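Chemist: Residues per chain, in single letters:
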Amino acid sequence: MLVLGVFTLYFLTPIWWLFIAATKERGDLTTTNPLWFSDLNLVENLQGVFSYGDGILPRWLLNSVLYAGVGALVATVLAGMCGYALAKYAFPGREVIFNVVLGGVLVPATALALPLFLIFAQVGATNTFWSVFLPSIVSPFGVYLARIYAASSVPDELLEAARLDGAGEVRTFFSVSVRLMVPALVTVYLFQFVAIWNNFFLPLIMLRDERLFPVTLGLYNWNTVVNQVPELRLYVLTGSLVSIVPLIVVFLLLQRFWRSGLGTGSVK
Amino acid sequence: MKITSPLLGAASVALLLTLAACGGGDSGSEGAAEGDGGAATDCEPSDGEVSLTFFSWVPGIEGVVDIWNEQNPDVQVEVQTGPNGNSGTYQNFFNQLEAGNPPDLGQIEFDALPNFRVQDGLTDIGGCEGVMDSQEQFVDWTWSQVQLGEEDAVYAIPQDTGPMAMFYREDLFTEAGIEVPTTWEEYAAAAEQVRENDGYITNFSTSDINQFAGLVWQAGGSWFGNEGDTWQVGLDSEESVQVADYWNGLIQDDLVSTLPPWTTEWDNAYNSGDAWTWVSAVWGANSIMSGAPDTEGDWRVAPMPTWGDEQAAGNWGGSTTAVFKGTEHPHEAAQFALWLNTSEEAHEALIEAANLYPATTEGQQLPALSEGVPFYGGQEIYEVFTEAGATVPTDWTWGPTMTQVYNDVSDGFSAAASGNGSLAEALAAAQESTTSALESQGIPVGE
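Protein sequences, first through last, are from chains A and B.
Going from the first sequence to my numbering is simple: count from 1 and add 56.
Going from the second sequence to my numbering is simple: count from 1 and add 277.
Chain B on its own, in the form it takes in the complex:
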């Protein structure tokens, strides 16, 4: 009777997995809800008192939801919380969908929505009262992102956005007698002058690919397209390669630094005046405030440099409130999501709690967003972002495998920054790997 222990270890794991898989017989509630099949027309109010669960990682969201709970005794919302999406929550959402116990509503960033849609994890709330009519309240590009290419469907309500602009050190530019650039051509020229003054014009992030995506977005490119069930991949599209070549040149000539973003090292570059500008999203205002406290009063915000004469801005970040598949109360869930993201009181509370920049045009006009900010020398910086938000191209589409795309592009970019290949080559490689990743998941890819 001699059995080796690794074998038994494997056996006990297998046993556990079997146990887990056995409980397939869904009981009651979820089974019924799944039968509805997400048809947009099924959105009737529920009878009696309803309680909803809502997952969000927005700091202080409990206080915002309390306002709703006070006003709606019949529809009580319970907040669940955890780390932000890519730090574990999305994986948990998928686990919960698999186990049949997701929350009714959840926070999902724009770039992750297609993935949840492809995995059939979302409820179409397009048929719910008031949802379609709310379209005009939102910044243009956000609406196409929650429809995911289906005209009559709405899979989430936009919450916040990240229109991009250029943060720059006004004091350093003035001192060195360099013009603040308004086009990418001027930006490259300014980069050379800044380098002569022992600085870098900016830091190019090789690991956080969202910034690069925002730059391609501004240039009018799109990494994905979606027609019905067929996806197109355009990582190596003309605009994408144009932006990549531009930054590749700056890296080659040592005109930008390539520090890993969100590290102390990176904070330090901004705090000590090594980095002169940062083309970033509206929430970047907080990043600079927290990472570069010594530079208070020295920063200003200008529209991001453009490729031609026409104003256009990119977008970096932003999230939505989505209703998960399996909810028993799509009507109430949709009403709550609408209230959270369109009502003035909720907007004010969200700005107060977490500096969220709303996705509605009205929300962006709130008093809290039109005052001067002392850290930026009293400049009314949010006006710049509001104008930027209105010029974000609407064609950008996220794909269903963004985590893989980010990883692959980031690997290639890091290699390019250390002298192996170019950014454009990295995009070409990511184009290949993304196409095969989609195909291996059984998602049809077209030309």
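Chain A on its own, in the form it takes in the complex:
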């Protein structure tokens, strides 16, 4: 219990600090207690951060939501279909494909960013929405999880029954199997959402148009020029606070599924 308490404190302190810092005036940042309030300035800071640079921050947030929200959705569908196929259909080369996908889990996204940049440059697609979106819809870990889960939670008998009733394979997948796989799919979605939201290196390499930036890259940019525009120091902090809100929302909304998703595969 004590250990738990210590770790909770350890994980929550930075967030608490961020929240406190975002409520302060710039002058109070270094001079007042970093873990407690001084003059409350949160509303002014929020107004400032949302209007700075012609209101570019809302645009960044929207971009992040698009990249991460839609990207994770497509990734989940693809990974679900792929994992299901690997689990339920016997075909030549199945294990080879699965092993290649597994190999993909081991390759860090950072290592792929530069080759991806060179490929996209060849087709003239760098600095576009697609250059960040397309690489994000691939989730090898999702395929792995979907396969394991489909193998254990979708009974072959049920598929047989569906086929006898005259349902095609596609229909069987979407109306029967997907429902059984929901916990795994939600888990894949969450993982992929967080991975895309936090993927910083790929946008850094691909994008040069400020209007396409996700919020992480945008805030990083601001942070590199605090010397020239001092008020940015506070805007970066306030912006960071704003940028973790969608993550918290997604986690809270999907928590129910997520927990059962992690547990179900292990106890059978």
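Worth flagging that the hints you see were computed from the coordinates, not collected in a lab.
Fair warning: this is a prediction, and the values are worked out from it, not measured in the lab.
By construction, the Cβ of each residue, glycine as well, lies at the ideal position given by its N, Cα and C atoms.
All clues given are correct.
Between beta-carbon pairs, the in silico distance windows are:
{"no.": "1", "chain 1": "B", "residue 1": "Asp688", "chain 2": "A", "residue 2": "Leu60", "range": "38 to 48 Å"}
{"no.": "2", "chain 1": "A", "residue 1": "Asp95", "chain 2": "B", "residue 2": "Asp485", "range": "24 to 34 Å"}
{"no.": "3", "chain 1": "A", "residue 1": "Ala167", "chain 2": "B", "residue 2": "Glu347", "range": "38 to 48 Å"}
{"no.": "4", "chain 1": "B", "residue 1": "Ser695", "chain 2": "A", "residue 2": "Leu309", "range": "45 to 55 Å"}
{"no.": "5", "chain 1": "B", "residue 1": "Glu463", "chain 2": "A", "residue 2": "Val163", "range": "52 to 62 Å"}
{"no.": "6", "chain 1": "B", "residue 1": "Glu587", "chain 2": "A", "residue 2": "Glu287", "range": "33 to 43 Å"}
{"no.": "7", "chain 1": "A", "residue 1": "Leu214", "chain 2": "B", "residue 2": "Glu375", "range": "47 to 57 Å"}
{"no.": "8", "chain 1": "A", "residue 1": "Asp95", "chain 2": "B", "residue 2": "Asn697", "range": "43 to 53 Å"}
From the structure, some residues in chain B lie toward chain A, with a derived Cβ separation under 7 Å:
{"no.": "9", "residue": "Thr358"}
{"no.": "10", "residue": "Asn372"}
{"no.": "11", "residue": "Asn378"}
{"no.": "12", "residue": "Asn563"}
Chain A is already provided as a structure; the job is to place chain B on it using the hints.
Modeler: Coordinates of chain B only, in the frame set by chain A:
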């Protein structure tokens, strides 16, 4: 049929890399532009409407470029942006050059220019209309930095500079009855008195080596030399070692602090009166304002301490607008770069947007830079910097491997600050590693 997955992982990476490497056949535009080979004479205006891309991390640069776009409907400039050079942009520039899609123009700091030149990433715009004639408008030392040792070539247009001076706490000096030092000898003596008053005269940065480079620059040293293709390395030159020994003494005697710069801890030292002076560049005025807001009205600016009777200042920072290799419109790109860095309207907009301190002598006389600054007790601080800018030695040369140099010197300095070795030893080690870094890149090193 059992293949281990790490192997397959490696195989898929290899596949991707091969795919990337395969597309070598350049199509159309870039191929043609490369054929021009950066010859200075090829700088003819293009026909019809031209659109240029310009990468800069200056905050608010879009507004400045808008002015140009309104006045030049035939030459439209599109702004691209990202983090500052060393935070990822330079690496991106190199990636883009490799992939054949760099922007037409880009912001490059003085210390990074030689690296881009050595990698053949820049277009020589010396033959473009008006470029050579603009030389006299710029502060002396900046011009030799964009020529990179080639008399007829110009690889970039200087944008802003960072002449150095000494920020000091007037109130603390007066209160303690200590004279504001004007030479380094007096500075060391003052450091002892300040220490008796429970302060440090300044913070010596062991990780941001640019400040130290500025100090060596002031002393008349130069870390690099360049004759044709051959580079000389002088990290352990006489002036460099002299400056290193001086600061090493102050560190040994605990007369200066060695906090990591740009951290909250560091801000705090200035805000709370632990640190009494800061020998820094013109943009440091903003750093103090943002980092030490409680000290409003207490700071003043004086010329930096000198080694002898002769006035001289160092320089810390500053950047240029460069034209990348592969641009189809060198003429228009050069005209835009000139307008951005010499016209009064652009200067005013740049000062307004980002407090850039212009590299032209005329730009430094603008009204925005001759007013008193309330934070500095109403002192007209920019006059001090303008005078400093005129006394910056012109011989300083940056090398083509500055990132490595900064890392190596910084490692040695940090060790010295914690009691392992001295600053001079760190320079000697960096001299060795820099020479071998150049040689390993196939860059000839002379004596």
